[in-house]
Amino acid sequence: MTARVAATAAAALALFPPAITLPIMRIEEMGHATDASIWSGSLGLLRDGDVFVGGVVFVCSIVFPLLKLGGLLAITVGRHALARRARRWSWRVVDLTGRWGMLDVLLVAVVVAWVKVGDLVEITPGPAAFAFTLVVLLSLIATALFDPHALWEESNDP
Amino acid sequence: MTDEPLPPDAQDPLAPDPDAPDPLAGVPDAALGAVPDALVEREPKRRIGHGLVWIVPLLALAASAALSWSAIEGRGPEIVLHADHGYGIRAGDPVRYLGIDVGSVTDVALGGGTDESAVRLQVRMRKDAADLARAGTRFWIVRPYLTLDSVEGLETLIGARYVALAPGPKEAERRSQFTALREPPLDEELSAERGVEIVLEAPTRFGLQAGARVAYRGVFIGTVVGVGLASDATSVEVRALIRPAFAQLVRENSVFWETGGFEIDLSLTGGLKVDLDSLRSALVGGIAVATPIDGGPAVSTGWRFPLYADPKDEWLQWAPPLPLGNDLLPPGAPLPKLLRGSLEWEQGRILRSDGTRGGWMLATPRGLLAPRDLLTVPAEAREGVARLQVAGRRFQISELEAGDLVEDLGPRLRILRPGAFGEAWEGLMEPNEAIATQPRRTLVAPEDLLLVRDSGRDPIGIDASRLRMEGDGALVDGRIPLSEDWHGSLALARSDGAVVGVLAVPADGKAEIVPIP
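The listed protein sequences derive, respectively, from chains Y and U. Oh and the first sequence: position 76 is 76 in our numbering, straight run, nothing missing. Oh and the second sequence: position 466 is 466 in our numbering, straight run, nothing missing.
Errors might be hidden in some of the hints.
With the Cβ distance kept under 8 Å, some of the chain Y side facing chain U (calculated, not the full set) [unchecked claim]:
{"#": "1", "residue": "Ala3"}
{"#": "2", "residue": "Ala7"}
{"#": "3", "residue": "Thr8"}
{"#": "4", "residue": "Ala10"}
{"#": "5", "residue": "Ala14"}
{"#": "6", "residue": "Leu15"}
{"#": "7", "residue": "His32"}
{"#": "8", "residue": "Ala33"}
{"#": "9", "residue": "Thr34"}
{"#": "10", "residue": "Gly44"}
{"#": "11", "residue": "Arg47"}
{"#": "12", "residue": "Pro127"}
{"#": "13", "residue": "Ala129"}
{"#": "14", "residue": "Ala131"}
{"#": "15", "residue": "Leu145"}
Because the hints were derived from the structure by calculation, they are not lab data. For glycine and all other residues, C-beta sits at the position ideal for the given N, C-alpha and C.
This is chain Y alone, in the form it adopts within the complex (with noise of 0.2 Å):
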């Protein structure tokens, strides 16, 4: 059970850096065309004065799913390596930042500018798509499998 959570976090892990710094979208409004990523999108809000939005966007696309996937790695395989208080700092990590994180919604949006603002400007997914979706399904999936109990119980084997 914790391998297929660590092999797909790591995997999620793995397709993480081209999913956040490759373009998503190219958006395309009489003829000026613009390629978005996550992170150019993120950092440009942040640069433009809106620190608030940018900083929450920040936040839940980039750094708590990262940390998520850090942490549900780290229990998972460091299990035997990790103290014990480290583990457990680990596991709120993920238990806060799983909350917090919001790939899920970031895929959404993207998907609800693909489908419905296609008459007004022309709008076709980047390479960072397919990247980004692994990411989102791979990342659902690793919560999905763990289980917070086996880990209680497998820290009790002699």
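Using the hints provided, position chain U relative to the given structure of chain Y.
Chain U alone, transformed into the frame defined by chain Y:
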């Protein structure tokens, strides 16, 4: 939904108390081990497939690497454009060539560092168009451009601005720094075949602007590409680009005058007379050119002419036959080098006078080919004596005939055998080896011809409509001024470069293309 709200102090019994301390905090790890184990039935562990699951992250890693690699690999080179003005260009606007996107602007900033008077554009070229950014390539920002005589860049009024480019020479090497043009270049400047650029010197500007047309008999043959003062400010220099197909029209003796604007002449007897060349020339000015019959050789780029305000009446009457077209002959077609020969004799019984006849002769493997009258003693010559001068030698025609060195070639041509020149013949033949192997044919129907006398320098073009087939030759329209200077010149077909005959211009008769048997 619950009907009655919970009392304010009531807590959801299932929710963890946020203020409650971590039940495990402070408990030593060793103490935790003392907690008794819960008894749980455990499923038997499935060991099969345990290792297989690690294929998933490996695949993900491979996909991630492939995506990143293709993103980096698929990017073309980045170039920097310096422009005087941004004209509202933004990051994301395309770079277009021939109406197709070949890159995009990635960043727009003030000219970098200290230079605030310029705009710096970063452009990412598409990978398959990377070669377009090479030395000699010109870039400019397309914006709506409205002048009295043209409308350009209208699509950028509503849509995005874009950067257009005109690539430099093909073999030039790539560059990454460019300076954008201030104005879009004229179509003529973009053309791969640049034609001939000449300079016209005028006392004043005459209202001429870049874009004004140069016309020959009212037909557009070139464009003014620049107007400016000469470096010493004594005159105005007008640079004009003559399209390559019409380059033969401009000769050293050509004259240019200005035709722009319009003139209104109101007189009591003549009434109102308005002279207007075209609306365009009234707006940006215009230039006319005429070439005399003895126009001289065609000019090359950089040739200077004076620009007159008005034409002389005689200029308008000039009508020299000049060959038009980008290529006078098919590419690679050889041109002959003809020799000038002249026949002299004495004539008259009581009052003696000298008679002369000049013409061109062509060295062929069989001998020196010439119209018959250049190698025959004229009937009026005294005592049957006539001397031929050719290639620095003198011959007595009667001696040549006696020595069997002259041979008839059909009724209107004769050949002087190589034996007459001895050792020197090789030298005469050498420049014409190529033309000797050129296919020869006879005219069966009128076609466009080129008359050549001296290595193709200022040849004459004869349009098919000026020829009339008669017998085995073709008569040339008498309106084409072919003087005796052209006697013996060689006629080449412009379609395939084949030799089709020799031009004979009799002293009294009509010019005729005589086939070579």
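Against the structure, the hints:
1. At about 5 Å, the closest approach between the beta carbon of Y:Ala3 and any beta carbon in chain U falls short of 8 Å, and the interface hint on this residue holds.
2. For Y:Ala7, the interface hint holds, the least distance from its beta-carbon to any beta-carbon of chain U being 4 Å, beneath 8 Å.
3. Interface hint at Y:Thr8: satisfied, since its Cβ lies 6 Å from the closest Cβ of chain U, which is below the 8 Å cut-off.
4. Against a cut-off of 8 Å between C-beta atoms, the interface hint on Y:Ala10 holds, since the closest Cβ of chain U lies about 4 Å away.
5. Taking 8 Å as the C-beta cut-off, the interface hint given for Y:Ala14 holds, the closest approach to chain U being about 4 Å.
6. The closest approach between the C-beta of Y:Leu15 and any C-beta of chain U is roughly 5 Å, which is under the 8 Å cut-off, so the hint is satisfied.
7. Against a cut-off of 8 Å between C-beta atoms, the interface hint on Y:His32 holds, since the closest Cβ of chain U lies about 4 Å away.
8. Because the smallest distance between the Cβ of Y:Ala33 and any Cβ of chain U comes to about 5 Å, under 8 Å, the interface hint for this residue holds.
9. With a least beta-carbon distance of about 5 Å to chain U, the hint placing Y:Thr34 at the interface is held under the 8 Å criterion.
10. Evaluation of the Y:Gly44 hint against chain U yields a violated restraint, the C-beta minimum of about 11 Å exceeding 8 Å.
11. The closest approach between the C-beta of Y:Arg47 and any C-beta of chain U is roughly 13 Å, which is over the 8 Å cut-off, so the hint fails.
12. At its closest, the beta carbon of Y:Pro127 sits 6 Å from a beta carbon of chain U; the interface hint therefore holds under the 8 Å criterion.
13. Given the 8 Å rule on beta carbons, the hint for Y:Ala129 is violated: about 11 Å separates it from the nearest Cβ of chain U.
14. Given the 8 Å rule on beta carbons, the hint for Y:Ala131 holds: about 6 Å separates it from the nearest Cβ of chain U.
15. For the restraint placing Y:Leu145 at the interface with chain U, the shortest Cβ-Cβ distance is roughly 10 Å, beyond the 8 Å limit, so the hint is violated.
In the structure shown, a violation is registered for the earlier hints numbered 10, 11, 13, 15, in ascending order.
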